[in-house]
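K.L.:
As they're listed, the protein sequences go chains A and B. The first sequence runs 2 to 331 under my numbering. The second sequence runs 2 to 331 under my numbering.
Among the clues, some could well be false.
Copies of the same chain look alike in the list, so a pair counts if it fits in one copy or across any two.
List time: in silico BS3-like cross-link candidates among lysine-lysine, alpha-carbon distance up to 25 Å [claimed, not checked]:
| id | residue 1 | residue 2 |
| --- | --- | --- |
| 1 | 137 | 247 |
| 2 | 89 | 177 |
| 3 | 303 | 185 |
| 4 | 190 | 89 |
| 5 | 184 | 89 |
| 6 | 137 | 303 |
| 7 | 89 | 325 |
| 8 | 177 | 328 |
| 9 | 63 | 325 |
| 10 | 185 | 89 |
| 11 | 7 | 235 |
| 12 | 137 | 190 |
| 13 | 137 | 266 |
| 14 | 325 | 266 |
| 15 | 45 | 266 |
| 16 | 56 | 303 |
| 17 | 328 | 266 |
Since the hints were made in silico from the structure, they are not lab data. As the structure is a prediction and not an experimental result, all values here were calculated from the model.
There are 2 protein chains.
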Amino acid sequence: MIELRKDPISSRSVIINDTRDFQFELDDTVDEIPMCPFCVGNEKLIPSPIVCYDKNGNKIDKYNKNWRVKVIPNNKPILTIEGNISRKAEGLYDRMTGVGAHEILIESQEHQEQNLKPEDFILNILAVQDRINDLKNDLRLEYILVFKNHGKNAGSTITHPHFQLVALPIIPRSVKEEMTISKKYYDFKERCLFCDIIDQEIAFGTRVVMETNSFISLVPFASRYPFETRILPKEHLEDFRNLRDKHKIEELAEMITSVFRRLRKALGKNVPYNLVLHSYPLKQDRIPHYHWYIEVIPKITKFSGFEFGSGLYVNPVIPEEAAKFLKEAE
Amino acid sequence: MIELRKDPISSRSVIINDTRDFQFELDDTVDEIPMCPFCVGNEKLIPSPIVCYDKNGNKIDKYNKNWRVKVIPNNKPILTIEGNISRKAEGLYDRMTGVGAHEILIESQEHQEQNLKPEDFILNILAVQDRINDLKNDLRLEYILVFKNHGKNAGSTITHPHFQLVALPIIPRSVKEEMTISKKYYDFKERCLFCDIIDQEIAFGTRVVMETNSFISLVPFASRYPFETRILPKEHLEDFRNLRDKHKIEELAEMITSVFRRLRKALGKNVPYNLVLHSYPLKQDRIPHYHWYIEVIPKITKFSGFEFGSGLYVNPVIPEEAAKFLKEAE
Chain A
2 MIELRKDPIS
12 SRSVIINDTR
22 DFQFELDDTV
32 DEIPMCPFCV
42 GNEKLIPSPI
52 VCYDKNGNKI
62 DKYNKNWRVK
72 VIPNNKPILT
82 IEGNISRKAE
92 GLYDRMTGVG
102 AHEILIESQE
112 HQEQNLKPED
122 FILNILAVQD
132 RINDLKNDLR
142 LEYILVFKNH
152 GKNAGSTITH
162 PHFQLVALPI
172 IPRSVKEEMT
182 ISKKYYDFKE
192 RCLFCDIIDQ
202 EIAFGTRVVM
212 ETNSFISLVP
222 FASRYPFETR
232 ILPKEHLEDF
242 RNLRDKHKIE
252 ELAEMITSVF
262 RRLRKALGKN
272 VPYNLVLHSY
282 PLKQDRIPHY
292 HWYIEVIPKI
302 TKFSGFEFGS
312 GLYVNPVIPE
322 EAAKFLKEAE
Chain B
2 MIELRKDPIS
12 SRSVIINDTR
22 DFQFELDDTV
32 DEIPMCPFCV
42 GNEKLIPSPI
52 VCYDKNGNKI
62 DKYNKNWRVK
72 VIPNNKPILT
82 IEGNISRKAE
92 GLYDRMTGVG
102 AHEILIESQE
112 HQEQNLKPED
122 FILNILAVQD
132 RINDLKNDLR
142 LEYILVFKNH
152 GKNAGSTITH
162 PHFQLVALPI
172 IPRSVKEEMT
182 ISKKYYDFKE
192 RCLFCDIIDQ
202 EIAFGTRVVM
212 ETNSFISLVP
222 FASRYPFETR
232 ILPKEHLEDF
242 RNLRDKHKIE
252 ELAEMITSVF
262 RRLRKALGKN
272 VPYNLVLHSY
282 PLKQDRIPHY
292 HWYIEVIPKI
302 TKFSGFEFGS
312 GLYVNPVIPE
322 EAAKFLKEAE
C-alpha cells in the first residue's frame, strides 16, 4: 500500500507505505549515570521536592521516605520560573523572556519501568492533575505540557520512570493547531471532532486496540509512526483535570498499563517511546470542541530530510495492521 | 540565556537555552552495506539510470562510464510513479493514492562526501534544476522536495553522497505554511519577507556566516538546531530553477562547499546533517512574496516528547554564538 492520509485532528498528511525496507531500533537504554538520582537514598543528587504524595494520592511531608510519587523542580529547566514576561522586537524578529516552569514527576520508587503497576499510574494521574491545578494559579502561564521520554531514542537521559511537566507562557503550536481545526469542525458540524472520530472508529473496528466502558485506545488512521496509539475518553471532556471519577481514573490507569504491555509484547520489551498528554489551555473558557487525549509513540524509526523538509511523515506500517497486532498482543 | 524566539518565515517558536547540559552526537557513519551501490562497477545493484550528466552538465548516454552526476529511480520509492490521483473519503477521513516520483541523484563518482569539490556542486545544481524542469511536465505533481541525508542520525543508509528528489501530488505542509506567512507579510508591507530578513541580517551582522556578491549564509534568529544554517540568494528569486547565471551558480557552489567545510571545522569531520531546498510550488504563478533558500541542519541533538508534543524546539546553542563560531571557522 502506498497512500496519503490526512489526520483530521492536526491536518497533517502522512504517507503510509509498507513497500519500503525499514529497521526498527528497539533499544530503550540510556547512557546510564552511575547513581540513579531518582532512587531512594540518592536524594542529595536532586533538588528538594516540590511535593510528595502517599499511596492514597494525598500530599505528605517532603522528606517522608514513604512517598509513592515525588515532584521535583528540574535543576536544568527548559524555562525558568523567575522573572516577568516581556516581549521585545529585534527589527522584524520577536523575542520573549523564557519564563515558565519545568518539573519532574518521579512515578514510583521502582527503578524499572516494566515493573510499574496500574496503582502507580492512578497515583501519577492524580499527581499530574494536582500539579496542573497548582501551576494554573500562576497567571503568567498559558499551557502545561505533560510528557514522558523512555529510552535514549526518545530523548531520555535517565532510566528511572518519570514524567515531565513544562509550563509555558504561550500555547504551543501543536495545541493551537488542534484547537483551530477542531473549532472549525465544530462550527461546521456542531459536533466535537474527537467524539465523531471515536464513534466512527468503534463502528469500523479496524483500528481499535481496546475499549472499556469509558475509554478507547486506537491506532490513528494517519499514524505518523509505526504503532502510534491514542487513548481517549469516550465521553466528551476537554480538560484532563476534570477527570475526577475514581473508577474512571482506575480504568484509565489499567488502559495505559495495557497499552504499554501490548507494545512490549508486540515490539519487544525494550521499546523506546514518548507519551504526550494533549489537554486544554489553562486560560480558555470551557469549549465544546476540544477533547483531551493521550498519545503513545514508539520511537523506533529515524527521521530524514524528507520529514524535516516537508512536514510530512512516512510510516512503513499500515495502521490497521499495527492495530490488529496490538489488539491481539494480549 | 533562556529566551523564546519566533522564526518569521515559519512562525515556529524556539526556546534558546544555553544553561542545559547537552551532548552532541558527532557520528556520520551508516550501517554500511558491503558493496556501495552508487560506486562505479556496482551498477547491477541499482535500477537503470533516468539520466546522466557529463562534466559540463550536459546529458550523456545512460551507460557512459564517464558520468559526473547520475540520476536513478529509487527502487523502494516513498511514492510511486504509476497510477492516477484519486481522493476518497473513509467516513470523515481523507485518503489519496500515493502517486509521485522518488529519484536519487548520485552527486559524484567519489564515495566520500568530504572529497567533493565546488565543481561537483555546480553539476549537482544544474542536474537538480534539469530534473525539476523535467518532472514539472507531469501535471499530477505539485511540489518537488529536494533534500539530502548524511549520516545515520540524519536518516541516511548509504554513505556515497546523494541527493533525493521526491515529487509530491500535494504542496507539503511546511511549504504551505511558509507561503501563507510570507504572503501575509507581503500583503501588509508590500515587500518580500525574505529580502527584509537579509537586509536586516546584513545590518546586524551578528548571525551572518559569510556573504558574497549574490548570496548570504546565516544562522537563523530562531534556529531550531545548533549550528543550523540558511543560504539565500540576496536578489529576490522565488524559484530555484530560475538561477541561470553561470557565475552565480559557481558562487552558490562555493558557498555550499564553504558551509560544509566550516561545519566540519567547527564540529568535527563526522557531522551528520540534512540539507533541504525550499523552493516554489510547481503550478503557482510567479509571486513576489516567496524566495528560495537552502537549509543545512546538523543532526547532532535528540528530540524528546517536548518537541514532539508542543511543536516547539529547544536549542542549547545561542544562534549568535553558533554564527560567530562558523564565521571564524575558515
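K.L.:
Going through the earlier hints one by one, which of them does the structure break, listed in rising order?
P.N.:
Violated hints: 3, 6, 8, 9, 12, 13, 15 and 16; rest satisfied.
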